[in-house]
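Let the hints inform the model, and build the full structure from the sequences given.
So the sequences go chain by chain: A and B. By the numbering used here, the letter at position 262 of the first sequence is numbered 262, and the numbering carries on one by one without gaps. By the numbering used here, the letter at position 160 of the second sequence is numbered 160, and the numbering carries on one by one without gaps.
Where hints are given, some of them may not hold.
Straight-line C-alpha distance at most 25 Å; calculated PhoX-like pairs for lysine-lysine [unchecked claim]:
(1) Lys137(A) x Lys54(B)
(2) Lys109(B) x Lys137(A)
(3) Lys54(B) x Lys30(B)
(4) Lys76(B) x Lys30(B)
(5) Lys27(B) x Lys76(B)
(6) Lys59(B) x Lys76(B)
(7) Lys76(B) x Lys137(A)
(8) Lys190(B) x Lys124(B)
(9) Lys109(B) x Lys124(B)
Covered by chain B, according to a simulated footprint, are these stretches of chain A (three or more residues, beta-carbon under 8 Å) [what the hints assert, rightly or not]:
(10) 210–222
(11) 236–249
Far from chain A, some chain B residues (derived; all Cβ distances over 12 Å) [claimed, not checked]:
(12) Ala2
(13) Ser12
(14) Asp23
(15) Gln75
(16) Glu102
(17) Leu192
(18) Glu231
Derived by calculation from the structure, the hints in this document are not laboratory data. The beta-carbon is built from N, C-alpha and C at its ideal position, and this holds for glycine as well.
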Amino acid sequence: MKLFKRLVPWILLAIALFVLPAILSDFRLNLFGRYFALAITALAIDLIWGYTGLLSLGQGIFFALGGYAAAMYLTLNTPSQQGGNGIPKFFENFGVSELPFFWQPFNSPFLTLACLSLIPALVAGVVGYLIFRNRIKGVYFSIITQAALMVFFHFFNGQQKLINGSNGLTTNTTELYGLLVGSSDMKLWFYRLTVLLLPVAFLICRYFTTGRFGDALIAIRDDEQRFRFAGFNPVPFKTIVFIVAGGLCGVSGALYTVQTGIVSPQFMSISFSIEMVIWVAVGGRGSLVGPIIGAVLVNYLQSLVSEALPELWLFVQGGLFIFVVVLMPDGIYGWFTGGGLRSFLASFGIAQKARTYPKIDEQIESLQEVVSTTPTDSSA
Amino acid sequence: MAETLLELTDVSVSFDGFYALTDLSLKLIKGEVKSIIGPNGAGKTTFLDVITGKVRPTKGTVTYRGQSLVGMSEQKISRNGIGRKFQTPRVFDNLTVLRNLELAVSPRKNALSLMLDPLPMAAKDEVHRLMSYVGLAPFAGTQAGSLSHGQKQWLAIASLVAQAPEVLLLDEPVAGLTDEETLRTAELIKSLAGDHTVVVIEHDMEFIRDLDFDVTVLHQGQLLTEGPLDEVKKDPRVIEVYLGTTED
Ligand SMILES: Nc1ncnc2c1ncn2[C@@H]1O[C@H](COP(=O)(O)OP(=O)(O)OP(=O)(O)O)[C@@H](O)[C@H]1O
Ligand SMILES: [Mg+2]
Numbered sequence: 001m002k003l004f005k006r007l008v009p010w011i012l013l014a015i016a017l018f019v020l021p022a023i024l025s026d027f028r029l030n031l032f033g034r035y036f037a038l039a040i041t042a043l044a045i046d047l048i049w050g051y052t053g054l055l056s057l058g059q060g061i062f063f064a065l066g067g068y069a070a071a072m073y074l075t076l077n078t079p080s081q082q083g084g085n086g087i088p089k090f091f092e093n094f095g096v097s098e099l100p101f102f103w104q105p106f107n108s109p110f111l112t113l114a115c116l117s118l119i120p121a122l123v124a125g126v127v128g129y130l131i132f133r134n135r136i137k138g139v140y141f142s143i144i145t146q147a148a149l150m151v152f153f154h155f156f157n158g159q160q161k162l163i164n165g166s167n168g169l170t171t172n173t174t175e176l177y178g179l180l181v182g183s184s185d186m187k188l189w190f191y192r193l194t195v196l197l198l199p200v201a202f203l204i205c206r207y208f209t210t211g212r213f214g215d216a217l218i219a220i221r222d223d224e225q226r227f228r229f230a231g232f233n234p235v236p237f238k239t240i241v242f243i244v245a246g247g248l249c250g251v252s253g254a255l256y257t258v259q260t261g262i263v264s265p266q267f268m269s270i271s272f273s274i275e276m277v278i279w280v281a282v283g284g285r286g287s288l289v290g291p292i293i294g295a296v297l298v299n300y301l302q303s304l305v306s307e308a309l310p311e312l313w314l315f316v317q318g319g320l321f322i323f324v325v326v327l328m329p330d331g332i333y334g335w336f337t338g339g340g341l342r343s344f345l346a347s348f349g350i351a352q353k354a355r356t357y358p359k360i361d362e363q364i365e366s367l368q369e370v371v372s373t374t375p376t377d378s379s380a
Numbered sequence: 001m002a003e004t005l006l007e008l009t010d011v012s013v014s015f016d017g018f019y020a021l022t023d024l025s026l027k028l029i030k031g032e033v034k035s036i037i038g039p040n041g042a043g044k045t046t047f048l049d050v051i052t053g054k055v056r057p058t059k060g061t062v063t064y065r066g067q068s069l070v071g072m073s074e075q076k077i078s079r080n081g082i083g084r085k086f087q088t089p090r091v092f093d094n095l096t097v098l099r100n101l102e103l104a105v106s107p108r109k110n111a112l113s114l115m116l117d118p119l120p121m122a123a124k125d126e127v128h129r130l131m132s133y134v135g136l137a138p139f140a141g142t143q144a145g146s147l148s149h150g151q152k153q154w155l156a157i158a159s160l161v162a163q164a165p166e167v168l169l170l171d172e173p174v175a176g177l178t179d180e181e182t183l184r185t186a187e188l189i190k191s192l193a194g195d196h197t198v199v200v201i202e203h204d205m206e207f208i209r210d211l212d213f214d215v216t217v218l219h220q221g222q223l224l225t226e227g228p229l230d231e232v233k234k235d236p237r238v239i240e241v242y243l244g245t246t247e248d
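Next comes the structure, spelled out in structure tokens:
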């Protein structure tokens with residue numbers, strides 16, 4: 001059993017890498033690639049919300065920044081995308097003749113790889129530090145992150161001359177290593193990359209949530225003031241996890257962008273950032289498995305419902321959220337590990353019988369034996 | 001001889017015009033134990049809030065070893081050696097008893113150190129010593145949130161001692177404890193006296209008598225009187241505002 005438990009992650013990884021590509025159509029496989037990319041964002045949100053108690057409604061900022069970084073690189077490095085004056089075609093529509101300075105780093109693949117996580121991390125660090133230092137907490141933290149999201153949304157939406165405004169950047173028609181990014185071969189590679197990066201994100205989150213640092217995060221969530229009185233300054237702790245979460249969201253956004261074929265300011269819509277939180281709530285916050293389950297399940301459900309009855313999805317999502325919050329406050333995974341499945345089966349009379357006390361009815365002496373050996377309360 | 005460790009001078013605290021403390025002046029001598037009593041709303045907790053940086057005094061000065069504490073952050077005051085147990089026992093509910101204490105005992109309180117340094121052996125030993133002293137050793141792996149009230153009270157006290165502060169401020173340490181536990185807490189406090197400076201706020205007169213240290217009476221944010229419990233109890237002003245109403 002123990003061996004099996006240790007093998008589970010490897011089995012899941014093998015299934016995702018070899019079985020799913022074999023049995024799913026290109027279209028479905030690409031969808032799963034997107035879900036796994038979103039699962040990285042869910043992990044990041046769990047790190048800051050589930051463990052540290054910071055309910056950010058602005059993770060879309062970092063997600064979009066990562067997406068834009070990837071898209072800018074692809075746009076710059078695809079010959080067919082370039083217009084007459086050697087810069088991306090869309091600039092011509094707005095009469096821009098020179099590449100804006102902040103596009104420059106994205107000529108380089110290495111700088112792009114660094115930027116797509118470091119820029120979101122840096123923004124998270126600055127925004128987070130200012131918020132945490134001023135002791136903005138709870139609902140106010142959520143409101144401020146949402147306000148920051150709106151600022152970023154309007155900036156990207158309005159700046160056609162800098163970043164193509166509300167049109168966003170299309171990556172499907174760009175090329176990477178001579179392959180069209182929208183081709184199914186390329187998408188298979190992105191799928192594999194995502195499947196490999198998700199466990200990396202998982203391990204990063206596990207590093208920060210276990211050990212003494214992880215204890216400190218939980219202490220901050222439980223009682224931040226008490227944490228201060230114990231001699232700790234919570235600001236660096238919160239800033240660190242917010243930076244890590246920002247970086248992870250950036251990677252997630254980049255992987256999502258190349259698999260959907262477009263990045264646009266819609267990544268920074270208010271509703272999308274709220275959905276991210278819903279995945280985590282549904283899957284189960286405060287555990288690292290829960291958010292992955294939540295992100296994949298909710299988004300899979302969304303695809304199924306949207307394909308059948310597009311106008312129904314928002315109702316289903318709202319209903320699902322209420323259902324989980326009311327009936328499974330610890331999310332699906334928390335409900336499962338908390339013995340939820342057993343009590344659920346028990347209500348149908350098919351639970352395993354607990355084997356604590358053997359044949360208690362027939363052999364009263366065995367009961368007495370149990371009573372006499374039960375350790376007495378030693379709180380005195 | 002006696003060295004003043006902590007000194008409040010003319011401290012007033014106003015909450016929107018309501019004065020919880022009015023021109024309070026008080027000295028703590030190194031190594032002494034001070035019991036503070038006073039009716040509900042007398043300002044006892046506010047007194048601790050002012051020392052520990054939770055509340056900024058509207059007026060007056062607070063100095064610790066000659067250094068002003070006004071405007072200093074809570075964590076800095078704590079690191080300087082002033083530790084506090086809250087009136088309602090506050091523990092980290094989702095950490096086990098052991099992890100609660102390991103966090104408190106941590107010699108270096110910065111993020112990087114928690115990430116990279118293992119807890120020193122001596123600190124681990126101290127945690128185990130404290131756990132058995134307060135009888136929580138069998139609950140080392142229990143989530144603090146599921147402890148009983150009395151156990152939380154003791155975990156809170158143990159966490160405070162684990163921080164190794166020089167000054168311990170205990171706000172109602174025996175509220176909700178059994179008689180036996182109360183006795184043991186008194187013993188613990190006595191064992192800390194001398195090396196540590198302790199302020200105990202309590203309503204439990206038996207406990208105050210048991211401790212047998214000088215008593216300070218607060219009333220309406222002001223210092224009413226100071227002295228041994230028996231003398232204080234004879235003071236007509238004290239009888240009027242406090243003991244007269246509770247000792248029927
Ligand atoms: N943050 C606050 N805002 C407004 N009023 C406050 C605040 N904190 C305390 N007070 C008021 O200040 C007065 C003193 O409160 P404090 O908590 O110091 O009393 P106490 O002596 O500790 O009482 P108790 O024995 O009930 O714990 C009370 O009247 C209380 O209502
Ligand atoms: Mg009080």
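The hints, checked one at a time:
no.	hint	in the structure
1	Lys137(A) x Lys54(B)	holds (16 Å)
2	Lys109(B) x Lys137(A)	holds (22 Å)
3	Lys54(B) x Lys30(B)	holds (23 Å)
4	Lys76(B) x Lys30(B)	holds (20 Å)
5	Lys27(B) x Lys76(B)	holds (21 Å)
6	Lys59(B) x Lys76(B)	holds (21 Å)
7	Lys76(B) x Lys137(A)	holds (20 Å)
8	Lys190(B) x Lys124(B)	holds (24 Å)
9	Lys109(B) x Lys124(B)	holds (16 Å)
10	210–222	holds (count 9)
11	236–249	holds (count 3)
12	Ala2	holds (27 Å)
13	Ser12	holds (23 Å)
14	Asp23	holds (26 Å)
15	Gln75	violated (5 Å)
16	Glu102	violated (7 Å)
17	Leu192	holds (18 Å)
18	Glu231	holds (34 Å)
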